[in-house]
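Colleague: Take a look at the letters that make up each chain.
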Amino acid sequence: MWLTSKFKQIVLALKPGTVTLKYPFETRPVPKDFRGRPVWDHTKCIGCGGCANHCPARTILLRDLCQEVRVLIYDGAKCTYCGRCAELCPEKAIVMSPEFELAAPRREDFSQTLELFMLTCNRCGRCFDMEIKNAIDKLDLRGYRYDNIETRTVLRRTTDRMEPAVLDETEAARRPERIGG
Amino acid sequence: MSTNRIISSLRAEFGEAVRGSSSPAAGRLLVDLDRSRLREAARFLINRGGRYQVGVGADERDRTQTFGLIHFFAFDRERFSIGLRTAAPASDPTFDSITPDIPSAGWTEREFRDLLGMRFPGHPKPKKLITADDWPDGIYPLRKDVPYNLVPPSTADVAYQLDEAPPGTTIVPVGPFHATLHEPAHFAVYVDGETIKHCDYRGFMAHRGIEKLCQTQVSYNEVPFIAERICGICGSVHSVAYCQAVEMAAGLSISRRAEFIRVVCLELERLHSHLLLIGVAGHLIGFDTVFMHAWRIREQVMWLSEKMTGNRKTYGMVVIGGVRRDITPEMKDEIFAVLKNLEAEIASFHKAVAGDSSIHGRTKGVGKVPTEEVVLWSLLGPVARGRGVDIDARRDFPYAAYDEIAFDVPVTTDGDVWGTIVVRLLELFESIKIIRQALDKMPSGPVLTEYGEALPAFRTGWSIVEAPRGESFHYVLTGEENRPERWRVRAPTYTNLQGIPRMLRDNQFADFPIILGSIDPCFSCTDRVAVVDRRSGRKRVWTKSEMDRLSRSRS
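Each protein sequence line maps, in turn, to chains A and B.
Going by this note's numbering, 110 is the number at position 110 of the first sequence; the sequence numbering is gapless.
Going by this note's numbering, 283 is the number at position 283 of the second sequence; the sequence numbering is gapless.
Hint data in this document are derived by calculation from the structure and do not stem from the laboratory.
Owing to the predicted nature of the structure, the values given are computational and were not obtained by experimental measurement.
Think of the CB as a built atom: it goes at the ideal place given N, C-alpha and C, for glycine as much as any other residue.
Be careful, since some hints might not be right.
[As the list claims (entries may be wrong)] Derived DSSO-like pairs (lysine-lysine); straight-line CA-CA distance at most 30 Å:
| no. | chain 1 | residue 1 | chain 2 | residue 2 |
| --- | --- | --- | --- | --- |
| 1 | A | 78 | A | 92 |
| 2 | B | 332 | B | 197 |
| 3 | B | 340 | A | 6 |
| 4 | B | 368 | B | 351 |
| 5 | A | 15 | B | 433 |
| 6 | A | 78 | B | 144 |
| 7 | B | 351 | A | 6 |
| 8 | B | 332 | B | 307 |
| 9 | A | 15 | B | 368 |
| 10 | A | 15 | B | 332 |
| 11 | A | 22 | B | 144 |
| 12 | A | 32 | B | 307 |
| 13 | A | 15 | B | 307 |
[Stated by the list, open to error] Across the chosen pairs, the derived CB separations fall in these ranges:
| no. | chain 1 | residue 1 | chain 2 | residue 2 | range |
| --- | --- | --- | --- | --- | --- |
| 14 | B | 449 | A | 10 | 40 to 46 Å |
| 15 | B | 481 | A | 101 | 37 to 43 Å |
| 16 | B | 354 | A | 14 | 16 to 22 Å |
| 17 | A | 22 | B | 166 | 17 to 23 Å |
| 18 | B | 403 | A | 20 | 25 to 31 Å |
| 19 | A | 103 | B | 177 | 21 to 27 Å |
| 20 | A | 22 | B | 404 | 23 to 29 Å |
Isolated chain A, as found in the complex (with noise of 0.2 Å):
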């Protein structure tokens, strides 16, 4: 029994041979719907932020400069490679590229950032008034207005609120005994 395993073993293990690739000198191909890391095309985004809107990472931010300068950034330290923000693109401007490679030293190599150059409208010269919260503003952009891309940071508000009472507990909480003196 034992030794019978044993060849059977050294079948198994010979029959296959050397399975390795000499990567990175050999690589193997990637299949043709592989999701890599998503590229922009600036020249198709509308700037609606359907993307940042729907990113579970939330790696994707979008922020008014001013009034006409609409800026996408897409921080890829976070991303997951889900490809929803394709997927729901709704002019198509977001490929999941080939591109697996992805390493890179500095956090900034990840990011991509676009300036759009939004559309203003004839009548009223403006293209929304953000800060007033009509009905688009809180269909679509819930949020997102108020990301701070210097910090890289998304702020969005929540249905959560804390009493200022509870709060002063937290900091002035009775914590467990240290253990053995």
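On the provided structure of chain A, position chain B as indicated by the hints.
Modeller: Just chain B now, with coordinates in the frame of chain A:
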């Protein structure tokens, strides 16, 4: 026992205490119960063949001024799952502990003690489970008045108080980082000489608060992408379980083709997960031929997933309403070709491994648990099936398209680690069979069913999905803000880990890695274990290679 009979017998037994009952879907029951009779009712269900699944606690103070608690029980033979729903007023969130009768409820109750501030008088081990050792008392992160990103200042020098050691034993701490642990977790193993007598567990060091995040920050269809990241192995399991729970709660029916594609994803995942575990088990007992070749065979599954879903794992495939990608006819042919190759390779692997006496020597009779105790601890998946308990959610609670697929559920009565490995090996062949049937029977049609703008609020749904490691349980209460009001996840390891002290008892310390490995946690190969003699306080640090040598020297 049918669902009607269980309701009428509950009513007969508990009379007025049963406030009402509802059936949100076929094979699913919710019974509202007065909290004073909770423990008796739980015992009543267990005595009638119920298997404890999990408890779900919720902060419902904004709607009903109460804290809600639901204990779920599965009747595997009768194919239904029943939830005992109770509530306690916000001023006094106290529930009778059911842990003295049902040991596997222990963690649920400790979890909601930590996260919601509920109290469970009578709990045999009322210690911290989830929150950090230095998390301040009186702040319960899952309560709605606590923001999701609250970080209280940390404190040094606070430690978890281990269980009292049985007399004459020495504590061997394994972890928080250790070669055989898939995440930071601390096992204090109490040994008498080489024999393990008891074990205490302190884990949840990587608790990420995903439930809180998804209940407060994201929307319904973003959650699947977060859910699948709960686990690095069974990604689709969690996203399918979540989506099914939402679909059940909202009453959505999805296209049949999407259900078949979900089955294919789930079974591909089972194939690679089982091959991974069998390889790792070989590695743990120092048999690296098994490791190398199980993983070589597994690689084809990963490549297949990459072609099918766009990612090496089956990530990003499942959303509420169906799946994102279709299986094209060319893809189908390719899957068949890979399966044929895979089946031949697994068969030759099975023949080479199944009779090997050195594997038998390390796994037979190790981690033995009698069948009654497996039931008592509600162990799941291959861990239970390898010990003679015939449960499988794919057959008992058919979801997706499993009702149309014929397959066997391998069960062995060895009761040891070897049994769990045999079950996994045999399940590989069943998975191949299932994928073939799914591809053959798959009807044409759309893969994604769009749902209307708003899902109805405050509907309950829970889904049971057989993950490679056992049954995954997801509970969803839909909310008003396009996101779940309450989402509860219970992965199979949550239950199986609670049974680890029982599996370890009276085994050799050198078998600790393989026993823990047999429940299939993933492994990080980074650290060391320190042995502390409690009496002299002398320390000896074991490096990973020394620990490996100790484990392998038994082979």
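Colleague: Now tell me if each hint is right for this structure.
Modeller: Hint check results:
no.: 1; hint: A:78 with A:92; verdict: holds (22 Å)
no.: 2; hint: B:332 with B:197; verdict: violated (52 Å)
no.: 3; hint: B:340 with A:6; verdict: holds (25 Å)
no.: 4; hint: B:368 with B:351; verdict: holds (24 Å)
no.: 5; hint: A:15 with B:433; verdict: holds (25 Å)
no.: 6; hint: A:78 with B:144; verdict: holds (27 Å)
no.: 7; hint: B:351 with A:6; verdict: holds (11 Å)
no.: 8; hint: B:332 with B:307; verdict: holds (11 Å)
no.: 9; hint: A:15 with B:368; verdict: violated (36 Å)
no.: 10; hint: A:15 with B:332; verdict: holds (27 Å)
no.: 11; hint: A:22 with B:144; verdict: violated (54 Å)
no.: 12; hint: A:32 with B:307; verdict: holds (7 Å)
no.: 13; hint: A:15 with B:307; verdict: holds (26 Å)
no.: 14; hint: B:449 with A:10: 40 to 46 Å; verdict: violated (52 Å)
no.: 15; hint: B:481 with A:101: 37 to 43 Å; verdict: holds (40 Å)
no.: 16; hint: B:354 with A:14: 16 to 22 Å; verdict: holds (19 Å)
no.: 17; hint: A:22 with B:166: 17 to 23 Å; verdict: violated (55 Å)
no.: 18; hint: B:403 with A:20: 25 to 31 Å; verdict: violated (42 Å)
no.: 19; hint: A:103 with B:177: 21 to 27 Å; verdict: holds (24 Å)
no.: 20; hint: A:22 with B:404: 23 to 29 Å; verdict: violated (45 Å)
Taken one by one, the earlier hints fail for this structure at numbers 2, 9, 11, 14, 17, 18, 20, listed in ascending order.
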